Amino acid sequence: MPGMQFPYPRKSSNPAAFTGSRSMPLHQRRNLKNLATYIVGGFTLVFFLLWLFGGSSSTSPTAIAKRIPPGTPEVVIVTPIDPGMSSSQKEKIMENRNDYASRHGYATFFPNTTDYDLMPGVPRSWSTVPALRHAMTNYPHSSWLWLLSSTALIMNSRESLRTKVLDPRVLETKMITDKPVVPPDSVIKTFSHLRGERVDFILTQDREGLAGSSFFVRTGDWAKFFLDAWFDPLYRSYNFQKAEEHALEHIVQWHGTVLAKLALVPQRLVNGYMLGAGGTGDEGAYQEGDFVANFHGCAKDPARDCEAEMGPLMSRWREMRDHERR
Amino acid sequence: MSLDRSPSPHEGGGWSSPGLTAPLNEGNGRLRGGSPSKKYGDLNGAPGHVTWASAKANSARVTGHPSYQSQNEGFFMRHMRRVSSGLPYLSDRARYAEKEKLGRGRPAGRIDWKELPRRTGLLVSRRRKHVALLLLLVLMITLFFNPSVNHVYRRTSWLGGGSKFVIILGANIGGGVMEWKGPREWAIERDSVRNKKRYAAEWGYEMEIVDMSTKKRYAHEWRESWEKVDTIRNAMKKYPDAEWFWWLDLNTFIMEPTYSLQSHIFNDLSKTTYRDINAYNPLDIKHPPNGTSADVNAPKYVNYLDPESLSPVGDGDPNSINVVVPQDCGGFNLGSFFVRRSQWTDRLLDIWWDPVFYEQRHMQWEHKEQDALEYLYTNQPWVRPHVAFISQRKLNAFPSGACGDDRGVPAGGCKRFQPSDSEEVAKYECGLQGIHYQEKERDFLVNMAGCEWGRDCWGEMYNFRQLSNRLNRSPWEKFKDWLHDAVKGPKPQQGPYLQPGQRQ
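First to last, the protein sequences are chains A and B. Counting in this note's numbering, the first sequence runs from 1 upward without gaps. Counting in this note's numbering, the second sequence runs from 1 upward without gaps.
To be clear, the hints were calculated from the coordinates, so they are not data collected in a lab. A quick note: this is a predicted structure, and the numbers were derived from the prediction, not measured. Heads up, some of the hints might be wrong.
[What the hints assert, rightly or not] Pairs of lysine-lysine residues, derived as BS3-like cross-links and limited to a Cα-Cα distance of at most 27 Å, are as follows: (1) 394/B <-> 415/B; (2) 242/A <-> 300/B; (3) 242/A <-> 179/A; (4) 197/B <-> 440/B; (5) 129/B <-> 33/A; (6) 286/B <-> 394/B; (7) 33/A <-> 491/B; (8) 189/A <-> 237/B; (9) 90/A <-> 415/B.
Construct all of the structure, not just a fragment, from the sequences and the given hints.
Here's what the structure looks like:
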């Protein structure tokens with residue numbers, strides 16, 4: 001008999017598998033182990049790929065700043081006020097802007113032209129540039145700044161600025177393309193293919209050049225660059241004949257990064273000149289029903305009196321406003 | 001068994017039972033001891049074709065895996081046996097299919113996924129694991145030290161990042177238009193270009209050599225020396241995937257080619273650069289930016305600038321750094337500086353030159369675009385948040401003689417100074433105000449600025465080249481030099497100028 005040399009019967013050489021107190025059967029545990037390996041391997045692969053291709057984080061301060069808090073005004077209307085203006089005139093102008101702003105949820109800003117450090121001997125009109133920079137600091141989340149000089153009146157407050165000019169699609173229809181930026185014959189022309197979203201600077205031309213009394217600037221890094229470059233002391237010390245307006249024309253023609261963001265719109269859209277204000281032909285003249293009436297040049301010309309010139313139209317505006325309220 | 005005596009030891013060794021000493025190749029897969037051959041006659045008289053070994057072999061065949069290798073005749077026998085036993089999968093199926101054909105086994109061709117880990121585990125037996133690890137090690141070594149693989153690794157933008165850097169070298173200064181370009185000028189140019197080319201090739205950077213000859217369109221009253229700005233713009237167009245552009249003057253020399261730009265500066269921009277101009281301010285620039293008139297009572301810029309422009313470090317994020325510029329004893333130094341591709345950089349390059357500025361200031365701006373940049377930094381607040389400065393010794397070290405003489409470093413290096421010992425630090429080339437090249441600290445690059453006025457450009461270039469070669473000798477060369485010095489005494493230093501009768 002096999003195994004007789006042993007004192008006791010031998011166990012068989014293939015002992016039965018002892019499952020004991022395991023909760024899961026053997027094959028299930030093995031499958032789970034395999035599954036775990038696959039899962040861990042998958043995670044490792046994913047993390048490895050993320051590490052490899054992960055770019056810079058998107059939580060930079062500028063990204064965070066882009067989250068606009070609710071209630072932010074979309075446009076800030078900036079009107080630099082000469083302290084030498086009579087208080088009644090000042091009140092009327094502020095009333096005019098505040099009325100329009102309250103209708104459309106915009107903000108207004110009335111800095112004094114003496115608030116900013118211009119070099120001695122520099123015309124006060126240069127203060128429009130730091131005024132805009134100041135407005136950007138005060139309203140960091142607003143998208144647009146509208147500079148409207150104190151010689152202008154907002155006559156027709158029905159339309160919002162967005163539907164009038166700021167919306168990219170509207171802007172693309174209103175843009176004047178391929179026009180010499182400084183009439184009549186500048187070799188620098190506005191771009192012919194410019195998308196509305198890329199435009200950061202909207203303004204008009206009058207008969208002599210670029211009109212710096214009513215224009216729009218989109219806030220952001222480009223605006224900081226543009227306004228700080230425009231306010232460079234060497235431009236002021238150069239003594240341009242028309243001060244900041246000539247400087248603007250110079251910048252726009254010599255620096256492509258500014259021209260690339262510029263759009264010209266028809267003058268009557270946002271800056272209709274009053275007849276007799278000079279510097280305009282018929283196509284730029286204000287007509288009843290237009291948006292803005294600009295008594296251009298009344299402040300600079302000592303022979304003219306802004307308050308007196310603006311008086312009739314101001315009453316007309318009040319009439320229209322009261323009529324609408326009723 | 002039915003032996004009446006135990007078998008005596010046999011000459012072939014081992015147990016005298018015939019199956020034990022038979023060679024394997026006779027029975028590879030075949031029954032051993034199946035049908036008895038005449039050789040193995042009866043040791044015990046019985047027709048002994050049922051021996052222990054043959055019965056074992058039988059059972060091994062049937063169960064499918066040999067449980068005990070009793071025979072081990074040499075390496076190849078073992079090897080071959082292992083090969084055959086290591087493929088149980090196929091041999092199993094083949095045998096089952098052949099013999100029984102009951103369809104019990106799975107049809108050939110379908111892979112059993114559940115069984116895969118177990119199969120691979122079986123394949124990777126312990127000895128095979130060791131061999132595999134050894135092979136992997138050898139592969140890693142060849143990969144890391146293989147220059148072409150290394151080069152590809154260093155160049156790709158998502159691995160080493162080399163193709164993101166462009167070195168722009170302004171060569172051929174003057175082009176011989178205003179002055180003769182003699183042998184020394186040619187030699188300087190050759191050395192400088194070769195040095196940069198080698199550095200770029202080693203680390204996978206792009207290299208752009210620019211011709212700075214005097215051109216009519218840059219003649220006086222137009223844009224003299226503003227070519228740097230134009231060439232950087234052209235380089236940005238030519239290398240659309242590159243991120244950083246490094247302008248280098250010709251009179252520079254990379255002393256430590258083993259430092260890569262990434263490890264030396266860019267992997268940790270916030271630590272290697274500083275943004276606060278007040279930390280080291282040779283030009284005495286006011287920060288925050290002040291008003292433009294000299295009137296002390298005038299309202300300052302500070303009353304209308306936004307917090308980011310007013311902050312001395314911008315937004316503090318190294319990703320917003322777009323220009324890295326060193327400062328020497330007199331202001332910014334554009335002999336070696338970095339520019340990053342960005343919209344801000346486009347605007348800076350655009351506004352850098354303006355005819356109104358040029359007309360009013362070109363007589364004062366001796367260093368041309370360098371002074372123009374200092375002016376823009378001082379007067380246009382939008383520039384400041386994105387400019388970072390770097391200590392001169394990190395990027396643009398001067399030789400002794402430029403910006404005063406070398407003050408040296410104390411024994412033990414600059415590390416022993418605390419941040420508060422500013423007076424002590426000012427006596428040496430330590431900290432942000434350290435300007436001159438320090439051999440002991442192994443500074444990266446030397447800029448022999450201003451060597452045309454009063455110093456010897458070629459001599460300096462030659463000496464720095466020799467120094468760099470000596471500092472970066474391979475260990476074998478160091479040993480050879482040590483041996484030579486020990487036996488024959490130190491070699492005499494050869495100067496840059498040929499002695500009479502010497503050939504170059």
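Outcome of the hint check:
no., hint, result
1, 394/B <-> 415/B, "holds (15 Å)"
2, 242/A <-> 300/B, "holds (25 Å)"
3, 242/A <-> 179/A, "holds (22 Å)"
4, 197/B <-> 440/B, "holds (25 Å)"
5, 129/B <-> 33/A, "holds (21 Å)"
6, 286/B <-> 394/B, "holds (25 Å)"
7, 33/A <-> 491/B, "violated (69 Å)"
8, 189/A <-> 237/B, "holds (23 Å)"
9, 90/A <-> 415/B, "violated (64 Å)"
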